[in-house]
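Visitor: Sequence:
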Amino acid sequence: MVISTAPQPIPSSDLVRYLGRELGLSDNALGLGVKQAQLEQAPCRWCSGASG
Numbered sequence: 001m002v003i004s005t006a007p008q009p010i011p012s013s014d015l016v017r018y019l020g021r022e023l024g025l026s027d028n029a030l031g032l033g034v035k036q037a038q039l040e041q042a043p044c045r046w047c048s049g050a051s052g
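Using our numbering, you'd call the opening residue of the sequence shown number 1 and step up by one each time.
Hints in this document: simulated from the structure, not taken from any laboratory.
Treat each hint with caution, since some may be false.
[Claimed, not checked] With beta-carbon atoms standing in for the labels, derived distance ranges:
id, residue 1, residue 2, range
1, Ser26, Thr5, 24 to 32 Å
2, Ser12, Gln36, 14 to 22 Å
3, Pro9, Ala29, 24 to 32 Å
4, Ser12, Leu32, 12 to 20 Å
The C-beta atom is built at its ideal place from N, Cα and C for all residues, glycine as well.
Based on the provided sequences and hints, a complete structural model is requested.
Guide: Put into structure tokens, the structure is as follows:
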């Protein structure tokens with residue numbers, strides 16, 4: 001397990017637009033995902049640009 005006290009990066013506006021357009025995710029769904037990642041201090045896959 002990796003423990004980090006650094007805040008998670010905020011997703012870029014281009015990425016948010018892509019996720020909304022291509023995957024049909026609502027602003028609410030995207031916001032909830034970011035919020036949950038911050039609460040868990042877990043890497044947000046689409047926030048950091050990681051694939052998988």
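Visitor: So, for every hint listed, does it hold in this structure?
Guide: Structure-based check of all given hints:
Taken as a hint, the range 24 to 32 Å holds for the pair serine 26 and threonine 5, whose Cβ atoms sit roughly 31 Å apart. Separated by about 19 Å at the C-beta atoms, serine 12 and glutamine 36 satisfy the suggested range of 14 to 22 Å. Checked against the hint of 24 to 32 Å, the pair proline 9 and alanine 29 fails, with Cβ atoms roughly 19 Å apart. Against the hinted window of 12 to 20 Å, the Cβ-Cβ separation of serine 12 and leucine 32 comes to about 18 Å, which satisfies the hint.
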